[in-house]
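Participant: Residue numbers (our numbering), protein chains in the order written: chain P, 607 to 899; chain W, 580 to 850; chain R, 2 to 376.
Hints are computed from structural coordinates only; laboratory data are not their basis. Don't be surprised by glycine CBs; every beta carbon is placed ideally from N, CA and C. Heads up, a few of these hints could be off.
Heads up, simulated DSBU-like pairs for lysine-lysine below, C-alpha to C-alpha not over 30 Å straight-line [as the list claims (entries may be wrong)]:
1. R:Lys-140 - P:Lys-820
2. R:Lys-300 - P:Lys-893
3. P:Lys-820 - R:Lys-116
4. R:Lys-122 - P:Lys-820
5. R:Lys-145 - P:Lys-893
6. R:Lys-116 - P:Lys-893
Computed footprint of chain R on chain P; a stretch qualifies when at least three of its residues, placed anywhere within it, have a C-beta under 8 Å from a C-beta of chain R [unchecked claim]:
7. 620-632
8. 814-827
Chain P is nowhere near these chain R residues, computed Cβ spacing over 10 Å in every case [unchecked claim]:
9. Ile-39
10. Asn-88
11. Lys-122
12. Gly-326
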Amino acid sequence: MRRFTLIAVPYLWLLALFLVPFIIVLKISLSDVALARPPYAPHFDWATGIWAFLSELDFENFVWLSEDDLYWKAYLSSLKIAFVSTVLTLLVGYPMAYAMARAPEEWRATLMMLVILPFWTSFLIRVYAWMGILSNEGFLNQFLLWTGIISEPLTILTPNTAVYIGIVYTYLPFMILPIYAALERLDDSLIEAAEDLGCSRLTAFWLVTIPLSKTGIVAGCFLVFIPVLGEFVIPSLLGGSDTLMIGKVLWEEFFSNRDWPVASAVAVVLLLLLIIPIVLFQRNQQKQQEAEQ
Amino acid sequence: MKRLSWFNTVSLTLGFAFLYVPMIILVIFSFNESKLVTVWAGFSTKWYGELMQNEAFLNAAWVTIKVAVVSSTIATVLGTMAAYVLVRGGRFMGRTLFSGMIYAPLVMPEVITGLSLLLLFIGMGLDRGILTIVLAHTTFSMCYVSVVVSSRLVTFDRSLEETALDLGCSPAEAFRLVTLPIIAPAVISGWLLAFTLSLDDLVIASFTSGPAATTLPIKIYSAVRLGVSPEINALSTIMIAIVTLGVITASLVTKRQMVRQKRDEQAAERT
Amino acid sequence: MTIPVFEPWNDPEAKPLIQFQNVSKRFGDFTAIDDLTIGIYEKEFFALLGPSGCGKTTMMRMLAGFETPTEGAIFLAGQDMAPVPPNKRATNMMFQSYALFPHLSIWENIAFGLKREAMPKNDISDRVDEMLRLTRLEKFARRKPHQISGGQRQRVALARSLAKKPKLLLLDEPLGALDKKLRQDTQFELMDIQEKTGTTFVIVTHDQEEAMTVASRVAVMDNGKIIQVATPDRIYETPNSVYVADFIGEVNIIDGIATPTGEDRYSIAWKEGQAPLNVTSATAFSDGQKCHLAIRPEKVTINAEEPSGVDNVVQGKILDIAYLGNISTYHVELPSGAVIKAQSANTRRISRRAFTWEYTVWLSWTATAGVLLAT
Numbered sequence: 607m608r609r610f611t612l613i614a615v616p617y618l619w620l621l622a623l624f625l626v627p628f629i630i631v632l633k634i635s636l637s638d639v640a641l642a643r644p645p646y647a648p649h650f651d652w653a654t655g656i657w658a659f660l661s662e663l664d665f666e667n668f669v670w671l672s673e674d675d676l677y678w679k680a681y682l683s684s685l686k687i688a689f690v691s692t693v694l695t696l697l698v699g700y701p702m703a704y705a706m707a708r709a710p711e712e713w714r715a716t717l718m719m720l721v722i723l724p725f726w727t728s729f730l731i732r733v734y735a736w737m738g739i740l741s742n743e744g745f746l747n748q749f750l751l752w753t754g755i756i757s758e759p760l761t762i763l764t765p766n767t768a769v770y771i772g773i774v775y776t777y778l779p780f781m782i783l784p785i786y787a788a789l790e791r792l793d794d795s796l797i798e799a800a801e802d803l804g805c806s807r808l809t810a811f812w813l814v815t816i817p818l819s820k821t822g823i824v825a826g827c828f829l830v831f832i833p834v835l836g837e838f839v840i841p842s843l844l845g846g847s848d849t850l851m852i853g854k855v856l857w858e859e860f861f862s863n864r865d866w867p868v869a870s871a872v873a874v875v876l877l878l879l880l881i882i883p884i885v886l887f888q889r890n891q892q893k894q895q896e897a898e899q
Numbered sequence: 580m581k582r583l584s585w586f587n588t589v590s591l592t593l594g595f596a597f598l599y600v601p602m603i604i605l606v607i608f609s610f611n612e613s614k615l616v617t618v619w620a621g622f623s624t625k626w627y628g629e630l631m632q633n634e635a636f637l638n639a640a641w642v643t644i645k646v647a648v649v650s651s652t653i654a655t656v657l658g659t660m661a662a663y664v665l666v667r668g669g670r671f672m673g674r675t676l677f678s679g680m681i682y683a684p685l686v687m688p689e690v691i692t693g694l695s696l697l698l699l700f701i702g703m704g705l706d707r708g709i710l711t712i713v714l715a716h717t718t719f720s721m722c723y724v725s726v727v728v729s730s731r732l733v734t735f736d737r738s739l740e741e742t743a744l745d746l747g748c749s750p751a752e753a754f755r756l757v758t759l760p761i762i763a764p765a766v767i768s769g770w771l772l773a774f775t776l777s778l779d780d781l782v783i784a785s786f787t788s789g790p791a792a793t794t795l796p797i798k799i800y801s802a803v804r805l806g807v808s809p810e811i812n813a814l815s816t817i818m819i820a821i822v823t824l825g826v827i828t829a830s831l832v833t834k835r836q837m838v839r840q841k842r843d844e845q846a847a848e849r850t
Numbered sequence: 002m003t004i005p006v007f008e009p010w011n012d013p014e015a016k017p018l019i020q021f022q023n024v025s026k027r028f029g030d031f032t033a034i035d036d037l038t039i040g041i042y043e044k045e046f047f048a049l050l051g052p053s054g055c056g057k058t059t060m061m062r063m064l065a066g067f068e069t070p071t072e073g074a075i076f077l078a079g080q081d082m083a084p085v086p087p088n089k090r091a092t093n094m095m096f097q098s099y100a101l102f103p104h105l106s107i108w109e110n111i112a113f114g115l116k117r118e119a120m121p122k123n124d125i126s127d128r129v130d131e132m133l134r135l136t137r138l139e140k141f142a143r144r145k146p147h148q149i150s151g152g153q154r155q156r157v158a159l160a161r162s163l164a165k166k167p168k169l170l171l172l173d174e175p176l177g178a179l180d181k182k183l184r185q186d187t188q189f190e191l192m193d194i195q196e197k198t199g200t201t202f203v204i205v206t207h208d209q210e211e212a213m214t215v216a217s218r219v220a221v222m223d224n225g226k227i228i229q230v231a232t233p234d235r236i237y238e239t240p241n242s243v244y245v246a247d248f249i250g251e252v253n254i255i256d257g258i259a260t261p262t263g264e265d266r267y268s269i270a271w272k273e274g275q276a277p278l279n280v281t282s283a284t285a286f287s288d289g290q291k292c293h294l295a296i297r298p299e300k301v302t303i304n305a306e307e308p309s310g311v312d313n314v315v316q317g318k319i320l321d322i323a324y325l326g327n328i329s330t331y332h333v334e335l336p337s338g339a340v341i342k343a344q345s346a347n348t349r350r351i352s353r354r355a356f357t358w359e360y361t362v363w364l365s366w367t368a369t370a371g372v373l374l375a376t
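Whenever a hint applies, use it, and build me the whole structure from the sequences.
Facilitator: Right under this line is the structure:
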């Protein structure tokens, strides 16, 4: 009986507040816009029965998504931004994780704390910090003008550069931590063995360190790629009006256009897009767990 | 004895500069006299004063804290239960679905979680307010708690529980007297994680809050969309200071505990 | 037909393969190796033996090139090794943890070093197969390191480090991770492989039995210094100090004062009320010099009645008996309170034990049974 309660309480909670909402999203994505409250039709009605209800559902919104190239472009541009920023975060994060793992042991806890600290600080504030730096009359332009490198303010905020900087900045800890964990476990004698067998420092790094930190790299990349794909705050604060990301489109569809069925359809497609990386990520995590045993 | 090579030193220096310079600039300009955030016009704390006068911000901060405390506490209880079920529950009907529902919210884009919960609340006819935000935050943060706690439970030596049962504890007593004290650090860090996630959340709160209850991130977001303002800098500085203090204290406490444990062990070795 | 004796260290013409010349190594304030000079000859199986922290691993890491001497020089075949990085040295190392690359198969692990030198593909494959045969691992070539047993992993590590035909193979506690039975088998296998390949082996170990079994010469180390270098039998029978005598095997140490009584003969005054002991010693002691008599338990005979016509005899009471199967060790307490260990072989399967606890017995040994040591 006690075991039953233990399982039932969290189970029912998640069913009611996680699974059921999804079914609702799916259903609304198949409905039509209506001038009503809530603004969609049909509504389920016991009187007419389930078949009458189901027959009114259709894929109209998905057809609409595939026809309007705004959505296409938004999905593609989200994928591109997520991909490029994942690569950039890896390029910044790997050397840091590597240096942390190589640092004297008594420093490591402090370095770790320095990486985690921004992670606990508000996401919004960290994005906001870059607004002051990257805007046209922002700190970076002031600084560059002052040093004489440029003579006219650069516009950094409008193109996607600012979005990339913001993403790399906010997601850096997600990249560093799994890679650091993998590198820290790495036995120094493996590198020494490689050198002993004739490798230079660089070949030893390439043939031993990189392959053995692969699970960390893959985990870090997915931890950045997956949430960035649906990112809303960074493109809306740092991006320009032409920065297309699907999270932003969904938000606007919902709050500005009040087109709930289309917003739901956008969400369903985003979810489908995410399934592949999520499954790959899970597989990587499983492999890592097996390797640890 | 190991020293950092110049390459490692350079990458650490540049990396941490990248992480910290923006925040340091933000903090410095919160003490700026001028309304312009990018031009230094002398030291002043007037923005902090104005912040304290700003009723809207103070109310939002109060709502946010209430939501965070309540949701993270419920999330910790539910998340610990879920972790225990996942690690120790054995087989039961729908176990795969259950673990799927625990892990899915971790990778779910916030816009989707927010949207789906909003549609649920509307469908149920719930008025949006503090209650709906609490429900939403509890749901996604309980998953984080359960991941943190279950990673501790996996490494937990089961024979300790069995010893307690052998010595006459009921399963509930064994959990309360043996398991819980040992996994307590994980439960506490789970609570802290849930608390900060709730404090931090903008997107889900935006979907699930109503005009009656606005949280601080929503307030900040709408202010920030209009541009950079020194009042927000002051607010950010306060939040950064609180987090920094918290993290440093936590790491000092753990470090002291580790040092003490090591010293005790060494003392025990000698005798 | 005479069997040529392998004793290059006694041949003044022989040039050592490895020469340590006044080598010191310091880490900050800590001196790991203290002004050490030693030569190791080609085809030797040389063991560095000592407790942890005695500097034996540092010596090995200096040979491999992972540490550089603070002072002094190391020569390999007459060449100063200081400027040569680890990957350019004709030495290979077998790591204590084996350091097998977990992401590569057994075959790829063994081929790893060969691929680093521009060796033709066919030759690599031939050499790897040869190593797999030598270490009896042919069946496991495609497996990953975590799919084989500890003993097999040890052999992979050995094969990998031998594949490049090093002039010198370094083995860092190579058998430390194996259980006792497997360790004994592997010791003979190691000796066999060393003989087959003719490679010079330097092994680091803290296990004296292992060092005695495999090595042609053993260096006993303590605090960064080599205390004694000799063949295993000389280390055991004629240790040069109490430290070495005590480190290798079991020993009784009796402290006393020496008085010369004839050529190489001494009388040792020890505990109050005991008759002086008669011993012979090749090293000279002056009258009244403090000395320590080291005597192995198996050289002490245990008697039920007082024996006559022996050099030394003492009476005592049996305090403890350790039955080890092949032998029994008796702890005998003398009236002065000192405890002397005596061993006797259990040569018969069923025999009534002659002695048991609390029995009064006589211990006897000859004048040549022990070694007289100054330090």
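Participant: Provide an ascending list of the numbers of those earlier hints which the structure does not satisfy.
Facilitator: 2, 7 and 10
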